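Protein chains in written order, with the working numbering: chain A, 1 to 256; chain B, 257 to 512; chain C, 513 to 768; chain D, 769 to 1024; chain E, 1025 to 1280; chain F, 1281 to 1536; chain G, 1537 to 1792; chain H, 1793 to 2048.
Keep in mind the hints are simulated off the structure, nothing from the lab. Just to be clear, a hint being listed does not mean it is correct.
To be clear about the criterion: a stretch of chain F counts as covered by chain C if any three or more of its residues have a C-beta under 8 Å from a C-beta of chain C, and this derived list gives those stretches [what the hints assert, rightly or not]:
1) 1332 to 1341
2) 1433 to 1443
3) 1460 to 1474
From a predicted model like this one, the values you see are computed outputs, not experimental measurements. Backbone N, C-alpha and C fix where the C-beta goes; we use that ideal spot for every residue, glycine too.
8 protein chains.
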Amino acid sequence: MLEDILKQVQKGTLSIMEAKDQLATFENLGFAKVDHHRKKRQGFPEVVYGEGKTAEQIISITTALRARNNQVMVTRISEEKAAVVQQACPEFTYNEVARILYWKAEKNPKVNTQGYIAVVAAGTSDLRVAEEAAVTAEIMGSTVHRIYDVGVAGIHRLLSHAEEIQKATVSVVVAGMEGALPSVVGGLVSHPVIAVPTSVGYGANFNGLSALLTMLNSCASGISVVNIDNGFGGGYNAVLIHQLAQKGERNEDTLL
Amino acid sequence: MLEDILKQVQKGTLSIMEAKDQLATFENLGFAKVDHHRKKRQGFPEVVYGEGKTAEQIISITTALRARNNQVMVTRISEEKAAVVQQACPEFTYNEVARILYWKAEKNPKVNTQGYIAVVAAGTSDLRVAEEAAVTAEIMGSTVHRIYDVGVAGIHRLLSHAEEIQKATVSVVVAGMEGALPSVVGGLVSHPVIAVPTSVGYGANFNGLSALLTMLNSCASGISVVNIDNGFGGGYNAVLIHQLAQKGERNEDTLL
Amino acid sequence: MLEDILKQVQKGTLSIMEAKDQLATFENLGFAKVDHHRKKRQGFPEVVYGEGKTAEQIISITTALRARNNQVMVTRISEEKAAVVQQACPEFTYNEVARILYWKAEKNPKVNTQGYIAVVAAGTSDLRVAEEAAVTAEIMGSTVHRIYDVGVAGIHRLLSHAEEIQKATVSVVVAGMEGALPSVVGGLVSHPVIAVPTSVGYGANFNGLSALLTMLNSCASGISVVNIDNGFGGGYNAVLIHQLAQKGERNEDTLL
Amino acid sequence: MLEDILKQVQKGTLSIMEAKDQLATFENLGFAKVDHHRKKRQGFPEVVYGEGKTAEQIISITTALRARNNQVMVTRISEEKAAVVQQACPEFTYNEVARILYWKAEKNPKVNTQGYIAVVAAGTSDLRVAEEAAVTAEIMGSTVHRIYDVGVAGIHRLLSHAEEIQKATVSVVVAGMEGALPSVVGGLVSHPVIAVPTSVGYGANFNGLSALLTMLNSCASGISVVNIDNGFGGGYNAVLIHQLAQKGERNEDTLL
Amino acid sequence: MLEDILKQVQKGTLSIMEAKDQLATFENLGFAKVDHHRKKRQGFPEVVYGEGKTAEQIISITTALRARNNQVMVTRISEEKAAVVQQACPEFTYNEVARILYWKAEKNPKVNTQGYIAVVAAGTSDLRVAEEAAVTAEIMGSTVHRIYDVGVAGIHRLLSHAEEIQKATVSVVVAGMEGALPSVVGGLVSHPVIAVPTSVGYGANFNGLSALLTMLNSCASGISVVNIDNGFGGGYNAVLIHQLAQKGERNEDTLL
Amino acid sequence: MLEDILKQVQKGTLSIMEAKDQLATFENLGFAKVDHHRKKRQGFPEVVYGEGKTAEQIISITTALRARNNQVMVTRISEEKAAVVQQACPEFTYNEVARILYWKAEKNPKVNTQGYIAVVAAGTSDLRVAEEAAVTAEIMGSTVHRIYDVGVAGIHRLLSHAEEIQKATVSVVVAGMEGALPSVVGGLVSHPVIAVPTSVGYGANFNGLSALLTMLNSCASGISVVNIDNGFGGGYNAVLIHQLAQKGERNEDTLL
Amino acid sequence: MLEDILKQVQKGTLSIMEAKDQLATFENLGFAKVDHHRKKRQGFPEVVYGEGKTAEQIISITTALRARNNQVMVTRISEEKAAVVQQACPEFTYNEVARILYWKAEKNPKVNTQGYIAVVAAGTSDLRVAEEAAVTAEIMGSTVHRIYDVGVAGIHRLLSHAEEIQKATVSVVVAGMEGALPSVVGGLVSHPVIAVPTSVGYGANFNGLSALLTMLNSCASGISVVNIDNGFGGGYNAVLIHQLAQKGERNEDTLL
Amino acid sequence: MLEDILKQVQKGTLSIMEAKDQLATFENLGFAKVDHHRKKRQGFPEVVYGEGKTAEQIISITTALRARNNQVMVTRISEEKAAVVQQACPEFTYNEVARILYWKAEKNPKVNTQGYIAVVAAGTSDLRVAEEAAVTAEIMGSTVHRIYDVGVAGIHRLLSHAEEIQKATVSVVVAGMEGALPSVVGGLVSHPVIAVPTSVGYGANFNGLSALLTMLNSCASGISVVNIDNGFGGGYNAVLIHQLAQKGERNEDTLL
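Whenever a hint applies, use it, and build me the whole structure from the sequences.
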């Protein structure tokens, strides 16, 4: 594109003033291009963080995004707020456990056709965060296996699912309280583990600090951590990795 | 004893002044009696915390304690300091891994003849603390089974020792870094677990805070926690419980 | 059981496919067995943490648990939620101070016939947590002596109960604010002390952190600590120890 | 393998006693198998954490590991300690910036032939941690592009390397002080970013806490975080992802 | 003024008693003078912190302040409370995004006629704090350029405004979550940057602590920080600097 | 003094210029007067904080102070540094446990002739801080009763000294680890208690934070707290109170 | 009293059984005596902490206390709760700013006839805590001078009250936000200063932690600190000191 | 410059390939230009953070910087390291209190000819940080007035310098321990105050956290804060402001 502009300047079909304008645009597009590529290749939706935004703000943002995207996704949006948005935007679907409101341009085919993401959760109280991860990954086109209620205090429950977890391409492991689950999972698998601490617990759990520190200090290799209760982040990271693992995906010419 | 004093006052064989003196003593003995009973029944040694004391101070304290005890034990004492103390007190034995210097009046028979304490440790770096627990328990008369290097990141190592841990009367579980081991052990056993966090680790381990919080927040029941690196406390608590579990021990007349 | 399977394979009465299935089951039962043994020997109820669960969820969980247990216990359940559950499950009893809802198959005989657990509490504001400990222990079959309102700022109140506490098999000591009570009790008794910090207090108490740190740093030996406000954990640990102390309980053949 | 054992029992070529022994082994191998697969497929070395271990301990551990591995790697080992180990194990190579001592059975061919890992570092003081990540990745068979000294306070330095970073398969971004670099990189790329906070800084950096929190709170998607100064963890995670991205790697039959 | 008093004493037109009174007053005025000068020279309004004050208290304070000031400004006042105050004081204007209620004696001419303050904000959630800064600065007489929604995760958005920010006299940079924006801005400009962390975020953001630490640890020079969510402080500091930069302002005789 | 100046101006014996100078001085003296009164009335020494100062700096400061004081006191000074200072200032005395170097113009008579300060310490490791308090109080003219090694874990030791502590005018209570001692003492006495937390302990003691929080949260009334390890502050506060309690001391005319 | 009992035993007018009973009582009374003395000498009311107690509980406690005390005081009680209590106990007075409900047997004469306590507060938002201190002190019989709204950011306001503060017997200094006021007051006076941090502020004030740390680290001598928002503790400590300062109060025979 | 390139393309004197190269350079220069302008206009030296760098590294960096700058400055460099550097670079000057090593191309004329920066410090222990600020400012061309040892505990010392501070263009206020000085100074002046917390203190000062929080929470307006011990940052910010205040400095055409 830069070359085109220069050629036109050379040919005289573009004035210097116009060229300067276009180069300014180009510079910005240079970075916007990244976003463009991302969406095209990965089918990634535009994501709106719903907390602290009014239904009206969300309506106007999502309407704008719909105009130039195939998918739009709003996270951390309450049932009430979602209902208001849906009145204005009836084509949006709401998942009440994951608290995600989303829309896809058409019934997208499954993007990631090989393998699956294992979303593993310690307790039933971690469900919301785990579902935020799982639904995020599904909207983004991945197959998800849910393995829930397998906290380390009943290690046999986890072990009876060991093979299913081991065969996943990548795992998202969600745990509150002592947050020990990612360490055990990390020792069982040979793929990357995204650990998501939750604020579930009381007392010296300090709103998830306990689980967060546990996960950061894991003696198992291959674990990385996202913010407390950040199910979306866990799911998003897993999809990035899942997509890289698609066969033939990494042709240099199609990349980026 | 109170009755004796009063009877002598009644009989006139004790002046009021003398009675007052003896009652004052009695009051204090009332509490000292506890210590006396403890030692007699449990064979508990007197314990000196060695850190921050000079070899000279330790020599004078242990000499005094030896005069009225069957056992004396110094914890957190370095090899160098122990060597100085041993020159003055050659009858003391030093355990360099546990950093414990101790003496027993005679070759005590094993006090706790039934069952054993399992001392379970996550990593080789937790060895010092684990040994402090184990040696403390042994000096106090318990049998100890050491199950080391069974961190949760390689859960199969732990599971291959599950039966040995399950058969113990009580477990002391020592772990640094993420400190998840007690949660897993707690889920495998039906006896009390004393969890000992260690300061082993780096970064967001914050000198053992990570492991401490993990253990306090354990979702497994039956776990209680002592201070960071407090192997002695772990061993001591375990022996208290182990002794309670000795058959026929709880005759009301001999208790306390 | 493993032997049985192998024998049937040997005899040809079990196909290899079936044997593989059964061995997979066996592996899991190997750990489930632990839970089974626990319940049988200790009469331990299944415990549901009620906070963050809806009445509906609790009804479905407790109904399921009742089908295969002699006791079911729900902790941290509000009066309102308990009332809803009781409409569906009228055989459940609610203790409003301890916030525990529970059911026992029949009027269980007292399991632990010797000795008692002392539940010691510093202030009247610590009552809820202390009662959670006491009621937990009672449901699990232990005799409990309550010694309340004996905070260290009026040491004579505590001392006038010293003998009652000393004669207990194990103590649960509950305190908020400065949390100093376990240290003083720990110095008076020769049995294990389970310390329960509460979030009672204000300002630099930091929601129980102050009491928690105090207890972890206690200079008295024989103290271990559970999470802030974890009365259930305190009671549960005490019962584990109390049961170990029952005379003749530790016949190797009946253990586990 | 389970099937083999059962078949032999069926055929009578294996006694029930021997079968039980082998199944016990099998159970453990069930998990050990994971490690075996991992090494074979990924060429992952066995890793020893060198800090807190004596040269003697390291020599005995690495000697044992060499006997059954193609690669052995010791992290966090000082130059002095490494020199002692090298006297006993002259076939080991030491990288003094990364503080890694390692050995490979033969000159391994590059395992990951497509793409590369970008190791991006903010300041020259973050070099040690960045090199730990880079050298780890190289030993594990990945190509690494180092993009150093591109802290956010001079954003143009980073931008002039934008394309090189964008073309990587995965990035490891290392930063101390305010730790803002991963957020900016995360906004430029569409691949996963592993963020490594370092303890570089002073004052309110609180030994890396500042950078850690920054990275966990990043508003850019696709970022996950490892422990403070954990360059090894950053490199290891990146290689896991890099290997998943190898073309044709995910044939179900060869996986795990 | 001191000289006047002394002269009158010398002349006998002032009694020693009266002089003592006046000197006492003078001493206090010595400091009050500062406030007086400030208002006169800088047109600084008196500022009332509205949080935790009732509408009645605010009415009485603002009425008193209006009597002896040209401007009065109330920060952190809710829409409801402001409405009540406005009923009593209809000449006050309320800005609902900035939550500022203010009054100026007359339509003040723009005080700072040269240059402008750039108020730069990372996300839309930081708007309230950014507006508090911007409106504060405008009320105090500065021109403000708002550059919003330019968080570092989309660095090109920020860069497309680089020139506008660089040409400002001083910048106020507002950011929550990871708080990295001031570091990037600080590297782009050569003027002072006032960084304002916000409490926007969740989990390990710890109510703004994360952004605060990031900003304090910035590797860019020329950045100083105010309290979390302190938009007023950010705006106020910027105006102080903006005024210093007015040409010819610093005549010694008019200063202070 | 102000009146004098004004009278001289009135009389013409002082020029306005000279009066202005003297008034400037007066203003400062107005506050310096406080210090002057304090020293005269209370015999308070000038205090130098020795930590972080070189022997040379201390020599020059103490020499200057000696010229205009009856007493000089240097706290937190090591034995080595004190020896260097004493070579230059042989009239100074060094207390090596309290790490205080001091000098008094003449053998001061005991200033506070009634009552005494009880310095109460929990463990032998708290000795240094306790002695800093005790020696400070003695240098300042108070009688001190030392009651050491009376930690709450052996409550009878404390109780056997209860009367001695109760009869004191004020207590300084020094404790590390869990820091519970002030609460118990506070419950026994009816006079003010100055609590001094020490950094003695390990693990979750966090350099004295544990003891500090305990003391701030004490449920006993009448306790106030100084900084961690601040024995000097404890002693100084106690002397201030002790002096107020001296009979007839509070004649309005001599006060201040 | 001990002597009396012994004499009666000697005389035979008291049986040994009765003597044992009385001695048991005596032991407890030995400590209760303290409370008795305190109330008699100092006119100290019994104090009930109202927070977390129901109106019913407070009614029953205060009724019981009224039966054996001349004064009863309830702190931290809301206006609503106080109204309920007053319906049952109409003789109680409620102070709504200090949130204290109290009763005195008769119109007590001022107990402390000499001097006064200065209660100094930084901002109007600190009023509640300051009033809690002032009203506590007044109920306990001290004269209080209130010096409010003298925060350090307008140092001349404080200085214009310097003399009034300096003439007090003891000061209670209340401050939130940066909490710097006690340091400045401490440098102006020669009497003890009780510092009370408040939770007033926002952002990095962390609920009073900021002010608390400031006060503990004060470079002024003679300052001790109570818990955050603990106005009662500040007032109580001040009265203890004020009473000690009463002329002639410290006759050995009347003390304690 | 962009126009030049385009014109040459238009004229055909520049090939498209060359133009692309130059535009790539231009893009980077776009940002580098900032640094260039900064140095030219403000006389700002290049600054090297010396901590954690070897003398050799510093020599090579400073040599490179000297080649293209008029000034070079190394902060946080020890006396020993500086001596080594000076052997290689004898034209550098070392200030041992500020620990700054610097070089200026020629004897630069004072850049900022009007007004001065007041560097105000609380205690003698804060000297190092204060000098780092002062020397930084002087090297950068500002006049500095040092006002040291004016901590708030002796408020008259500060007040006797009030006028000198008030007349400054901007103040840098350095304080450790409770860090209250900026609040008091901020209330006295009408110019911007840069607050620098120091780590001076002990116990609950937590390495400067106490002073940092105090300053962030200051109730005085016009205060902004830099990192703990960051004297350089304080001085640098002050110079930025000082230069803005130079008369006639802000001609639009010369700016940037």
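Right, here's what the structure says about each hint:
no.	hint	verdict
1	1332 to 1341	violated (count 0)
2	1433 to 1443	holds (count 4)
3	1460 to 1474	holds (count 6)
This entry does not satisfy hint 1, going by the numbered hints stated previously; all others are met.
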